[in-house]
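Chemist: Since the structure of chain A is provided, determine the placement of chain B on it from the hints.
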Amino acid sequence: MSEQHSNAAFAHQFEDADQQFEASTLGMWTFLITEIMFFGGLFLGYIIYRSLYPEAFAEASSLLNYRLGAINTAVLICSSLTMVLAVRAAQLGQRRSLVVFLVLTIILGSAFLVNKGFEYAHKFHEHLVPGPNFGPEPALAHPQQAQLFFGFYFSMTGLHALHMIIGIVILAVFVVQAQRGRFSTEYFAPIDIIGLYWHFVDIVWIFLFPLLYLISRT
Amino acid sequence: MATAVFTPKPHQLADEEDQRPRKNYINVAFTAKSWLLTVDHKRIAILYLIGVTLFFFVGGFFAVLIRLELITPAGDLMQSETYNKMFTMHGIMMVFFFLIPSIPAILGNFLIPIMIGARDLAFPRLNLLSWYVYMIGGVFTFAAALLGGVDTGWTFYTPYSSTYSNTNVVLTALGVFITGFSSILTGLNFIVTIHKMRAPGLTWFRLPLFIWAHYATSLIQVLGTPVITAAIFLVALERIFHIGIFDPKLGGDPILFQHLFWFYSHPAVYIMILPAMGVISELITCFSKKKVFGYSFIAFSSIAIAVISFLVWGHHMFTSGQSIYAGMVFSFLSFLVAVPSAIKVFNWTATLYKGSVSYQAPMLYAIGFLGLFTIGGLTGLFLATLAVDVHVHDTYFIIAHFHYIMVGGTIMAYLGGIHFWWPKMTGRLYPEGWARFAALVVFVGFNLTFFPQFVLGYLGMPRRYHVYPDEFQVLNVMSTAGASILGVGYLIPLIYLIWSLRYGQLASANPWNATGLEWKTPSPPPTENFAKTPIVTEEAYEYTPLRPQGQEAEVV
Chain A
47 MSEQHSNAAF AHQFEDADQQ FEASTLGMWT FLITEIMFFG GLFLGYIIYR
97 SLYPEAFAEA SSLLNYRLGA INTAVLICSS LTMVLAVRAA QLGQRRSLVV
147 FLVLTIILGS AFLVNKGFEY AHKFHEHLVP GPNFGPEPAL AHPQQAQLFF
197 GFYFSMTGLH ALHMIIGIVI LAVFVVQAQR GRFSTEYFAP IDIIGLYWHF
247 VDIVWIFLFP LLYLISRT
Chain B
5 MATAVFTPKP HQLADEEDQR PRKNYINVAF TAKSWLLTVD HKRIAILYLI
55 GVTLFFFVGG FFAVLIRLEL ITPAGDLMQS ETYNKMFTMH GIMMVFFFLI
105 PSIPAILGNF LIPIMIGARD LAFPRLNLLS WYVYMIGGVF TFAAALLGGV
155 DTGWTFYTPY SSTYSNTNVV LTALGVFITG FSSILTGLNF IVTIHKMRAP
205 GLTWFRLPLF IWAHYATSLI QVLGTPVITA AIFLVALERI FHIGIFDPKL
255 GGDPILFQHL FWFYSHPAVY IMILPAMGVI SELITCFSKK KVFGYSFIAF
305 SSIAIAVISF LVWGHHMFTS GQSIYAGMVF SFLSFLVAVP SAIKVFNWTA
355 TLYKGSVSYQ APMLYAIGFL GLFTIGGLTG LFLATLAVDV HVHDTYFIIA
405 HFHYIMVGGT IMAYLGGIHF WWPKMTGRLY PEGWARFAAL VVFVGFNLTF
455 FPQFVLGYLG MPRRYHVYPD EFQVLNVMST AGASILGVGY LIPLIYLIWS
505 LRYGQLASAN PWNATGLEWK TPSPPPTENF AKTPIVTEEA YEYTPLRPQG
555 QEAEVV
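Chains as they are written, first to last, in the working numbering: chain A, 47 to 264; chain B, 5 to 560.
Read the hints as simulated data drawn from the structure, not as lab findings. In this text the structure is predicted, and so the values were computed from the model without any measurement. We put the beta carbon where it would ideally sit given N, CA and C, even for glycine. Just to be clear, a hint being listed does not mean it is correct.
Pair by pair, the computed Cβ-Cβ distance ranges are [unchecked claim]:
{"hint": "1", "chain 1": "B", "residue 1": "Q83", "chain 2": "A", "residue 2": "P184", "range": "47 to 57 Å"}
{"hint": "2", "chain 1": "B", "residue 1": "Y164", "chain 2": "A", "residue 2": "A55", "range": "48 to 58 Å"}
{"hint": "3", "chain 1": "A", "residue 1": "G204", "chain 2": "B", "residue 2": "S84", "range": "33 to 43 Å"}
{"hint": "4", "chain 1": "B", "residue 1": "A346", "chain 2": "A", "residue 2": "A55", "range": "20 to 30 Å"}
SDA-like mimics (lysine to any residue), calculated; alpha carbons at most 20 Å apart, straight line [to be verified]:
{"hint": "5", "chain 1": "A", "residue 1": "K169", "chain 2": "B", "residue 2": "I244"}
{"hint": "6", "chain 1": "B", "residue 1": "K536", "chain 2": "A", "residue 2": "Q65"}
{"hint": "7", "chain 1": "A", "residue 1": "K169", "chain 2": "B", "residue 2": "F245"}
{"hint": "8", "chain 1": "B", "residue 1": "K253", "chain 2": "A", "residue 2": "K169"}
{"hint": "9", "chain 1": "B", "residue 1": "K253", "chain 2": "A", "residue 2": "R96"}
{"hint": "10", "chain 1": "B", "residue 1": "K536", "chain 2": "A", "residue 2": "A63"}
Not close to chain A: a few residues of chain B, all C-beta gaps over 12 Å, as computed [claimed, not checked]:
{"hint": "11", "residue": "F60"}
{"hint": "12", "residue": "L69"}
{"hint": "13", "residue": "G152"}
{"hint": "14", "residue": "I232"}
{"hint": "15", "residue": "I307"}
{"hint": "16", "residue": "S335"}
{"hint": "17", "residue": "L433"}
{"hint": "18", "residue": "I496"}
{"hint": "19", "residue": "W503"}
{"hint": "20", "residue": "P515"}
{"hint": "21", "residue": "T537"}
The following block holds chain A by itself, in its conformation from the complex (with noise of 0.2 Å):
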């Protein structure tokens, strides 16, 4: 979203480094309007089939590791913990602490994806996978509607997973960057931005894990 020349303090288009900052800024925001249409068209699907078999969804939710789930959802808040002091060591000019947050947020990004990794390995072992070898044992009261809830459940946290992955890749980037000295009290505005990017990925988890690993336990 950051369209700047590497020198420059703005780009050709731009009168001045604000307009620059606000127009990014917004156009972050609408990207991430666009993020929770389509995830909003996925949870409607979502909703749609657990209020059509409840039973069934309960039964495959309780399949869910929820210990694994609560322990990812803190490394996302406490990885967006991080972001936000990166945001505030730019906005200070702090290069050194903006690189150690920075760092930290793709460490606690990765060992959420490490351990959903785990999580999906588990779940290939015990034939969770929807499709032929779909059967987990012992055998399940509805097992074409369980193949429902993990046909979401792989399809929703693995597009989750996808959006984490383009996350740590920019941040490491702008790890590059920084160092280099690239972002100044005047120009912080990647960084800005992919913090709202960072924290729009976190919330769609804050609502995943909820509606996939706890609808079976009252």
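Modeler: Showing chain B alone in chain A's frame:
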């Protein structure tokens, strides 16, 4: 009263004399790289023009085959499977690769920054990316067509598309999926640009109505497109993993797909028509030489259409087993969307009243638009009526209705706009006589093609069949005859516009004596659009009828 502080003092004549050596966005560089890696919104608009025209003629080719097949009641040119692919590919190409990008990505891209006095869109590289994304999506879809095509209809209805069809559904859907991102990125770019890049003094209510229409369009692109992206994603998932999301045999709900699909695809209709309305607002005022009637009503009706468009999708599903109460609400809301559309038509008509109307080719298209859009809109009300819809649903009536909007509305406005801004885009005038002739041919051909289809549909001929009872033949032959006239009407502009690139007269900065910032910069504009950021001190459309041009815009 109206002043334009940025107009250079030497008048048009001097401007025309040193037109040749002047650097503009076209002659600034000639290499292929300078075009393919450009971030100049004007060059990207030209890239879109080439891409969109290409896909238009691909889509048109399928239409030719459809009309040829329908000359006779028997299925003699192709088999039903082939015919299914023909109308599907026609629909997909025309909707996703012509109608949706046509006006916004070409005229919008070219004009929005110039009209608001900016040097470029807010995100030029994103703009280039969206062209590449569009072309990649188009290539995927075209490849799917070459590899055997797809037969689901452009609507991809489940469970046929997700389970039963043995054609290239995934590849085609991938093409539509990819091109959706192009639409989203363009919309995002326009929204940010219109919010943040306006020249000093250019308040919201001084903006050309073209900008308002594109702002409304962008809202729909940004809010709607992600939902069809999600829907297509689910179809692809279903096809690959057979999860059962849309397959009733596996506990899925095929109607959910229709909801998700039309939640985007009905507003998408307004992605196609709103920019056209923006073009018409410009054309009508310019060729009436009169301030537009009811500026703020036209501006807000664009926004109203964008908002209401998200609340009417259920009128595509009156016969899908939707609850009768939902049907009633959707029927009512569909009537409601006719109100802002009618406001526009009334305002345009009132603008003509006591204007100094002249009939250059763009105006002929605009007047054609007024009539055809009104017919298309009024028949839309038939379809929004629950009881009538049950009778004409899935018949040629609906085909005729949406072609009156899409072809009679959008393509008329698109051609009118291309002609109107051709001097600005290329620096050359098109041949006026040929253009008027072509506009007439298009109008006649269009009506001969699609008016008989209203009758056919009302008499009960269903859509998407290539074999029909003998009594429908006369009307079908009329329709095919009209289609060939229409085809000629599209080829003539293609030829003379290309001809004009080399042999057309050089255009002055403002060949139409129009208002608006785009006419205050040379034709074709320099890369940075304006030598100096303009300061706007006048309202939009300060035309003064019955007075020679040149007296209204004083130079300070």
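Chemist: If any of the earlier hints don't hold here, list their numbers in rising order.
Modeler: Hints 4, 8, 14, 21 not satisfied by this model.
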